[in-house]
Amino acid sequence: MSSTVSGLLTNMLDRLLTTAFHNISMAKGLHNDVTNLQNTLTIINAFILDAENKQTQSNSISLWLHQLKYTLFDASDILDEIECESLRNQVVKANGNFNTKVQRYLSFSSNPFAFRVKMANKIKDINHKIDEICSLRMKLGLSVSENHASGSGNSSTRLRRETHSYVKSSHVIGRDEEKEKIIRFLMEPPLGNDDDEIDVIPIVGIGGLGKTTLAQLVYNDDRVIELFELRMWVYVSDEFDVKRLVSEILKAMHGMEVDAQTHSFDQLRNLLRERLWGKKFLLVLDDVWNEDYREWLELKKLLLGMQDDGDDKLGSKIVTTTRSDRVGSIMGNAYKHNLKYLPEEECIRLFIKYAFLSGEEKRYPRLVEIGKDIARKCKGLPLAVVSLGSLLYTRLDESEWKKIRDSQIWRVNPRDDDGILAALKLSYNHLSSGLKQCFSYCSIFPKGYEYTNLELISFWMAHGLLQTRNEDEEPEDIGEFYIQELVSRSFFECASEEQLVIDGLISEELDLLGISFFKMHDLVHDLGVFTMQSERKVVSFNSTNVQEKVQHLSFSDSGEGVPAFGKTSSKIRTIGFWHAFQKELAITDPFVKWISNKFKYLRVLNIQGSDFQFLPDCFDKMKHLRYLDLSYCRRLEKLPDSICKLQSLEALGT
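Residue 492 in UniProt numbering sits at position 492 of the sequence shown; the count goes up by one each step and never skips.
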């Protein structure tokens with residue numbers, strides 16, 4: 001899955017269009033070459049969203065995207081080289097004496113003319129490669145995306161299975177309390193006396209959590225059936241088109257087929273008025289993504305015009321399900337229900353229900369114990385529990401159960417449109433291209449990791465993911481916005497206040513420092529890993545096989561000497577010890593020197609928790625390093641002089 005290509009491409013185009021890079025390319029005599037690269041990227045950008053939408057149906061398109069991605073990585077390195085050289089020249093102008101400047105000019109590596117020729121040749125080579133890749137688009141049947149033509153950065157074309165209003169209550173476990181809470185709100189009188197409002201109850205939560213199931217339970221409860229004269233279930237999805245929705249509402253009343261294409265909007269509105277006037281109704285809008293308040297207001301006004309009977313409000317209600325907290329806030333005025341993860345014991349009960357014939361589990365206690373482990377791994381996500389339970393239904397081979405328990409969960413039906421991955425991938429597909437890229441990079445950190453906003457923003461900035469489009473923007477502000485977007489869309493959970501107290505942290509103090517903590521559900525983290533594919537890898541110190549396409553390494557341990565990885569790419573961008581943070585880290589001088597000599601394109605180096613008293617003085621070669629994390633290095637007394645030569649350094653964690 002190469003959906004991050006659009007983010008990478010958008011990021012590069014934003015970078016090339018900045019005033020700062022324009023000035024650099026002019027100063028270096030590379031303006032024409034850079035402009036040609038920009039034009040090539042602009043052409044191919046028109047086809048990227050179509051390619052990403054079609055990649056799951058075509059191996060050829062998937063391979064095409066992979067080839068493009070790694071070529072774009074090379075192009076990004078060239079842009080970095082140009083920026084680094086410009087920064088180095090600024091340092092020389094500010095600090096260097098006449099002799100130093102002469103020596104630098106005579107040096108081939110620093111000679112401005114030699115540098116320009118070298119970079120011009122590299123850009124021409126990259127342009128040629130991208131042109132070759134671009135020329136294949138017609139053979140692959142790629143077309144200009146409508147979203148691109150309209151200026152939208154989102155890919156919203158997705159395969160979806162339309163929902164319906166019925167669910168068998170005996171198949172649902174663990175939502176009784178939440179169901180009762182929502183029904184109580186439905187039975188209460190309308191809120192206030194404001195004629196401009198209709199009570200709306202949003203159910204908010206991540207994909208696969210059971211929002212639709214909860215809405216179905218409420219919709220089919222006998223008390224609700226008795227309470228409302230009319231009940232209507234409408235599946236909304238991406239397209240919040242009011243005319244289409246009115247047509248769907250009419251259809252939901254009595255199975256009345258009304259074609260939105262052949263009826264005018266006035267005709268549909270009159271039909272709606274005729275059918276709804278003076279009736280107390282319940283409308284469920286399932287799977288809402290629209291964040292435009294104006295569109296919601298247009299539909300709400302239509303419905304408000306149907307609910308008044310004389311001077312009294314009838315008490316009609318609307319229930320919506322959505323993955324976005326922002327959507328819930330836009331639509332809801334009565335009570336917003338944030339759906340919780342299913343407790344562990346109820347996950348186990350649900351798994352057993354789907355994995356065994358009724359009562360059969362008593363005959364297979366060993367399978368039940370393995371099944372409990374599988375259910376726990378689902379971390380409260382009902383769709384995952386049901387999917388894996390159904391997968392093992394009537395399969396009584398213990399080895400098969402162990403294989404599921406011990407494997408990565410995404411190996412289960414990775415292309416199944418009704419599976420776990422598909423349910424969560426819908427939310428991922430709905431992110432902007434830049435946000436997709438930032439989300440994917442979160443998977444470089446281990447499961448269960450508590451991110452802070454400061455660390456994550458520094459990490460994203462180091463990898464150039466927070467490109468500003470004008471001089472008034474700051475990358476840190478974009479990073480804060482992205483974090484809030486990930487929280488709003490249920491990719492991140494804010495760490496609870498109770499947990500912060502347990503960890504010895506006081507929330508008031510953190511607020512003053514501007515520090516926030518976030519966690520990611522294990523299955524959401526697995527989605528991030530899936531989107532990164534072969535670009536990130538967790539390795540042990542003694543690993544011998546690291547594929548050449550790997551860009552980000554996280555070590556699970558440390559050791560003496562240097563790793564024997566064999567043929568490792570010199571273009572590794574991240575090296576860190578997040579997966580080994582709780583262990584004793586004996587990182588040695590030879591290891592740090594090995595990193596310095598081998599990985600010249602390194603952007604992030606995290607050696608937090610290491611036992612150094614004095615770091616080796618070898619950082620002068622790391623001209624691309626932007627983020628160095630030395631936090632929790634309790635014995636560290638002094639930084640080496642070569643740290644001062646890290647010309648690109650943006651953040652130093654101590």
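You may find that some hints are simply not true.
Claimed, not checked - Computed cross-link-like contacts, DSS-like style, restricted to lysine-lysine with a CA-CA straight-line distance of at most 27 Å: (1) Lys621 / Lys118; (2) Lys447 / Lys69; (3) Lys362 / Lys447; (4) Lys600 / Lys118; (5) Lys181 / Lys336; (6) Lys571 / Lys69; (7) Lys593 / Lys28; (8) Lys353 / Lys301; (9) Lys243 / Lys279; (10) Lys638 / Lys129; (11) Lys336 / Lys353; (12) Lys280 / Lys301; (13) Lys280 / Lys340; (14) Lys537 / Lys549; (15) Lys402 / Lys379; (16) Lys372 / Lys362; (17) Lys122 / Lys638; (18) Lys69 / Lys600; (19) Lys372 / Lys447; (20) Lys28 / Lys621; (21) Lys593 / Lys621; (22) Lys251 / Lys301; (23) Lys54 / Lys28; (24) Lys537 / Lys638; (25) Lys377 / Lys69; (26) Lys403 / Lys372; (27) Lys139 / Lys179; (28) Lys179 / Lys54; (29) Lys118 / Lys139; (30) Lys549 / Lys623; (31) Lys251 / Lys280; (32) Lys243 / Lys179; (33) Lys139 / Lys54; (34) Lys362 / Lys379; (35) Lys336 / Lys379; (36) Lys638 / Lys623; (37) Lys537 / Lys118.
What the hints assert, rightly or not - Ranges of calculated distance between the beta carbons of each label pair, as one might list FRET restraints: (38) Lys139 / Leu230: 31 to 39 Å; (39) Asp641 / Gln67: 37 to 45 Å; (40) Ser58 / Ala27: 42 to 50 Å.
Keep in mind that the hints were calculated from the coordinates and are not lab data.
Note that the structure is a prediction, hence the values are computed from the model and not measured.
By construction, the Cβ of each residue, glycine as well, lies at the ideal position given by its N, Cα and C atoms.
Now the hints, each set against the structure:
1. For the hint pairing Lys621 with Lys118, the CA-to-CA distance comes to about 19 Å; that is within 27 Å, so the pair holds.
2. For the proposed pair Lys447 and Lys69, the alpha carbon gap of about 26 Å is at most 27 Å, so the pair holds.
3. Taking the CA atoms of Lys362 and Lys447, the gap is about 34 Å. The hint is violated against a cut of 27 Å.
4. For the proposed pair Lys600 and Lys118, the alpha carbon gap of about 17 Å is at most 27 Å, so the pair holds.
5. With a CA separation close to 11 Å, the supplied pair Lys181 and Lys336 stays within the 27 Å bound.
6. Simply put, Lys571 and Lys69 have alpha-carbon atoms about 14 Å apart, close enough for the 27 Å limit, and the pair holds.
7. Between Lys593 and Lys28, the direct Cα distance comes to roughly 32 Å. Violation of the 27 Å bound is thereby established for this hinted pair.
8. In summary, the hint linking Lys353 to Lys301 is not supported, as the alpha carbons are separated by about 44 Å, beyond the 27 Å threshold.
9. Among the hinted pairs, Lys243 with Lys279 is consistent with the structure: their alpha-carbon atoms are about 21 Å apart, no more than 27 Å.
10. With a C-alpha separation of about 46 Å, the suggested pairing of Lys638 with Lys129 is violated against the 27 Å cut-off.
11. Annotation: proposed proximity of Lys336 to Lys353 is violated, straight-line Cα distance about 30 Å (limit 27 Å).
12. Restraint check for Lys280 and Lys301: satisfied, since their Cα atoms lie roughly 16 Å apart, inside the 27 Å limit.
13. Taken as a hint, the Lys280 and Lys340 pair is broken in the structure, with Cα atoms around 30 Å apart against an allowance of 27 Å.
14. Only pairs whose Cα atoms come within 27 Å are accepted, and Lys537 paired with Lys549 is accepted, the gap being roughly 10 Å.
15. Restraint check for Lys402 and Lys379: satisfied, since their Cα atoms lie roughly 18 Å apart, inside the 27 Å limit.
16. About 14 Å separates the Cα atoms of Lys372 and Lys362, which keeps this hinted pair within 27 Å; it holds.
17. For the hint linking Lys122 to Lys638, the alpha-carbon distance of about 39 Å lies beyond 27 Å, and the restraint is violated.
18. Of the pairs offered as hints, the one joining Lys69 and Lys600 holds, with about 20 Å between alpha carbons and a cut-off of 27 Å not exceeded.
19. For the hint linking Lys372 to Lys447, the alpha-carbon distance of about 20 Å falls within 27 Å, and the restraint holds.
20. Taking the CA atoms of Lys28 and Lys621, the gap is about 22 Å. The hint holds against a cut of 27 Å.
21. Using a Cα cut-off of 27 Å, the hinted pair Lys593 and Lys621 holds, with the two alpha carbons roughly 10 Å apart.
22. Proximity of Lys251 to Lys301 is assessed by CA-CA distance (about 20 Å); at most 27 Å being required, the pair is judged to hold.
23. Of the pairs offered as hints, the one joining Lys54 and Lys28 is violated, with about 40 Å between alpha carbons and a cut-off of 27 Å exceeded.
24. Of the supplied pair hints, the one linking Lys537 and Lys638 is violated, its CA atoms being roughly 32 Å apart against a limit of 27 Å.
25. Among the hinted pairs, Lys377 with Lys69 is inconsistent with the structure: their alpha-carbon atoms are about 32 Å apart, more than 27 Å.
26. Proximity of Lys403 to Lys372 is assessed by CA-CA distance (about 14 Å); at most 27 Å being required, the pair is judged to hold.
27. At most 27 Å may separate the alpha-carbon atoms for a hinted pair to count; Lys139 and Lys179 exceed this at roughly 52 Å.
28. Among the hinted pairs, Lys179 with Lys54 is inconsistent with the structure: their alpha-carbon atoms are about 39 Å apart, more than 27 Å.
29. Between Lys118 and Lys139, the direct Cα distance comes to roughly 34 Å. Violation of the 27 Å bound is thereby established for this hinted pair.
30. As the CA atoms of Lys549 and Lys623 are separated by approximately 22 Å, the hinted pair is consistent with the 27 Å bound.
31. The suggested pairing of Lys251 with Lys280 holds, with an alpha-carbon distance near 17 Å, which does not exceed 27 Å.
32. For the suggested pair Lys243 and Lys179, the alpha carbons sit about 31 Å apart, so the restraint of at most 27 Å is broken.
33. For the hint pairing Lys139 with Lys54, the CA-to-CA distance comes to about 14 Å; that is within 27 Å, so the pair holds.
34. Taken as a hint, the Lys362 and Lys379 pair is honoured in the structure, with Cα atoms around 24 Å apart against an allowance of 27 Å.
35. Distance check on the hinted pair: Lys336 and Lys379 sit about 23 Å apart at the alpha-carbon level, within 27 Å; holds.
36. Taking the CA atoms of Lys638 and Lys623, the gap is about 21 Å. The hint holds against a cut of 27 Å.
37. Of the pairs offered as hints, the one joining Lys537 and Lys118 is violated, with about 32 Å between alpha carbons and a cut-off of 27 Å exceeded.
38. With their beta carbons about 53 Å apart, Lys139 and Leu230 fall outside the hinted range of 31 to 39 Å.
39. At about 43 Å, the beta-carbon gap between Asp641 and Gln67 stays in the expected band of 37 to 45 Å.
40. At about 43 Å, the CB distance of Ser58 to Ala27 agrees with the hint of 42 to 50 Å.
Hint violations for this structure: numbers 3, 7, 8, 10, 11, 13, 17, 23, 24, 25, 27, 28, 29, 32, 37, 38, all remaining hints satisfied.
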